[in-house]
Amino acid sequence: MDKASESEVPAVSIRDLKMSYGDKQVLNGINLEIQRGQIIGYIGPNGAGKSTTVKILLGILEGYQGQVQILGEDISTNSTAYKKKIGYVPESADIYDSLSAQEYLTFIGELYGLDFETADRKARRLMALFGIEDAYSARISSYSKGMKQKVLIVASLIHNPEIIFFDEPLSGLDANSVLVFKEIMTELAAQGKTIFYSSHIMEVVEKISDRIIMLNNGNIVADGTFEQLKEQCSQGSLEEIFNQLSGFSQHQSIAGEFIGVMEE
Amino acid sequence: MRDFLFLKFLDRLKKLFFTMGVDYPVMRRILQVKLVMNSRRSATVINQEQSERKNPYLASLGIYAFMGVFIGLLILLSSPLFLKMSIVMGMILFLLLTTMISDFSSVLLDVQDRAILLTRPVSVKTLNAAKLLYILYYLAGITLALAGVSLIVGLFKYGGWFFLTMFLILILVCCFSLLFTAIFYFAILHLFSGEKLRDIINYFQIILTVFMTVVYQLVGRMFNLVDLNVQIAIHWWSYLLPSSWFAAPFAILFSGEHRAAYFLLSAIGIIVPVLALILYIKAAAPAFEQNLQKLNSAGGGRAKGLSGLHKISALLCANHDERVFFEFTCSMLKSERKLKLRLFPSLTLGIIMPFIILLSFAHTATSMSDFLKTVSQGKYYLYAYFSIVMYSTLFSVVGKSESYRGA
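As they're listed, the protein sequences go chains A and B. Residue numbers for the first sequence, in my numbering: 2 to 265. Residue numbers for the second sequence, in my numbering: 132 to 538.
Please keep in mind that the hints were generated in silico from the structure rather than gathered at the bench. The C-beta atom is built at its ideal place from N, Cα and C for all residues, glycine as well. Treat the hints with caution; some may be incorrect.
Stated by the list, open to error - The calculated lysine-lysine pairs, modelled on DSS-like cross-linking and capped at a C-alpha distance of 30 Å, are:
no. : chain 1 : residue 1 : chain 2 : residue 2
1   : A       : 86        : B       : 146
2   : A       : 208       : A       : 85
3   : B       : 262       : A       : 86
4   : B       : 146       : A       : 85
Unchecked claim - Computed, partial: chain B to chain A, Cβ under 7 Å:
no. : residue
5   : 160
6   : 162
7   : 164
8   : 168
9   : 171
10  : 243
11  : 246
12  : 250
13  : 251
14  : 256
15  : 272
Claimed, not checked - Listed below are several chain A residues computed to face chain B (Cβ distance under 8 Å; list not exhaustive):
no. : residue
16  : 59
17  : 85
18  : 91
19  : 104
20  : 112
21  : 115
22  : 255
23  : 259
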């Protein structure tokens, strides 16, 4: 494949994706086409099906209906090769915390096909850039939440992936690291990497996303740039758009009631 | 990272793994990490805090080996072989199963592996192979620590064939306990979901611990211990005790007792693990991972009324503060699984044990009234205080909480 046609293959292509747990329908036919070099803000209320979609894309959830292609490759073929081009920061800090960061990161690097020396060198330098090189050979169980998050971020990027899934990646990071991280994301997108950014902090999503996709009850309810969404919904901020699209408007009355109960 | 002997041994079987479609280098790396983590995991046998450098796994193996010495010494007794081996196998099985259930539920019911490893280029087959080998390594370690002395004592007393037979039977015992635990967990996972499931597993852990202790007591009382030369009576329930399945082959091979019952018992001992293996591969394993996902999902908790508790606390406690802490403690006791796992088996055993001990004297009595007379006039009634001895150890546990940060 030459360079031109390769860049035409969408990073992610989802056709009529349906998924149910038992008799509970979580995704009702999702269609998505995502081009490379974009930061996708992936939002929705709890239980909308966001993490289910990401889990299917990562190949850890089976039993879905529909077609999912990543970089032109159907993921249901049981090949694990496509996962080498994916990086993932999970929301629930899944990490082997009885290992040291060095042990964990070199292990993950080697799973991605790097050799030990390369993985070790890259991991150490990335940790150093995040300002936690001192803790490199200490056990992760002794880390603070932010440090753990940094290790998870390093683990997801160590193999220079094409598509990156970030699920609430800023949780626990201090303001300086957040700045660094946002800059990294913009730079990666400029290099043609695709970033799936899932978060509940609307201000961040609003600022960094090239395209925002909103899920509600297993359906896509909004898809476009922030400007497009603003026009559609005639609302000022993404937070307000989010509230409107998820059909939530009682925040004032709930707050009032909350305080009422408090004062009882 | 350390290179384990076990991994070097596996390197020789590299080709076999490749032909099975397992990505060997990846599997080796996963196993290596698992073994390193295992050496840092604290075991339930050792309660005190571990220093960073010590290897709790090796330390627990040491404790098992110490128990193994006593098990091994039983073989030197002059009682009938079937009796001896029943007790030896019963003890080994009991200890294996309890460790499998208490320490090893974390490995069998692990959901982290999926999130960490399957999102990386690791196939399900490779992951499962690594998991299975890890479990085998763990089991083999404990079994050897427990049965090592018995094997050596047997070698000197009965010769090489005994050693070999025992070795083969130990493999069966390992398979049995592994499959038993796996199928047991599978059944629970299949029937229940979410948080409810963790509770159920907890209850089953408690019940099983009690059950195994009682069975363990029964093994010793399976025979009429008064006269060691008496014909060993095989009751119908002997067929339900795994220890007698695994002891019967010894009686056939090494003391020449060709009783039909022994052959039947040996046959059960071989058939049950094989059946369990088939059941596991055909039914349990494929659905197991799927069901494991339930562990992550939160079940809809039901709101429970606390009114009953309020009434009790109002009765018992003098002031408001006392009442608050009483209710708090009750709720904690209700929801803390680790604490329950330590408390409840001892509580139940405290009730059951005096009866078991008394019953062992019951066979000398001719009638119920005669038995009651023996108990009331003799000193046997003192066994009722056995409960207190058992309960006294519990005080050290009550003050501990797994989520102490919540306070």
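For each hint, the structure was consulted:
1. A:86 - B:146: 28 Å, holds
2. A:208 - A:85: Holds - the C-alpha atoms of residue 85 of chain A and residue 208 of chain A are around 29 Å apart, at most 30 Å.
3. B:262 - A:86: It holds: about 25 Å lies between the C-alpha atoms, which stays within 30 Å.
4. B:146 - A:85: Holds, because 25 Å separates the two Cα atoms, which is no more than 30 Å.
5. 160: 6 Å, holds
6. 162: Given a least distance of 11 Å, the restraint on residue 162 of chain B is violated.
7. 164: 5 Å, holds
8. 168: 5 Å, holds
9. 171: Given a least distance of 4 Å, the restraint on residue 171 of chain B holds.
10. 243: 5 Å, holds
11. 246: 4 Å, holds
12. 250: 5 Å, holds
13. 251: 4 Å, holds
14. 256: 9 Å, violated
15. 272: Violated: closest Cβ of chain A sits about 18 Å from residue 272 of chain B, beyond 7 Å.
16. 59: Holds, because the Cβ-Cβ distance from residue 59 of chain A to chain B comes to roughly 5 Å (cut-off 8 Å).
17. 85: Holds: closest Cβ of chain B sits about 5 Å from residue 85 of chain A, inside 8 Å.
18. 91: Since chain B brings a Cβ to about 6 Å from residue 91 of chain A, closer than 8 Å, the hint holds.
19. 104: 6 Å, holds
20. 112: Where the cut-off is 8 Å and the nearest Cβ of chain B is about 4 Å from residue 112 of chain A, the hint holds.
21. 115: With a closest approach of 11 Å, the residue 115 of chain A hint is violated.
22. 255: Hint violated; residue 255 of chain A Cβ to chain B Cβ min 20 Å, cut 8 Å.
23. 259: Violated - the Cβ of residue 259 of chain A stays beyond 8 Å from chain B, reaching only about 19 Å at its closest.
Consistency note: the structure conflicts with the earlier hints numbered 6, 14, 15, 21, 22 and 23.
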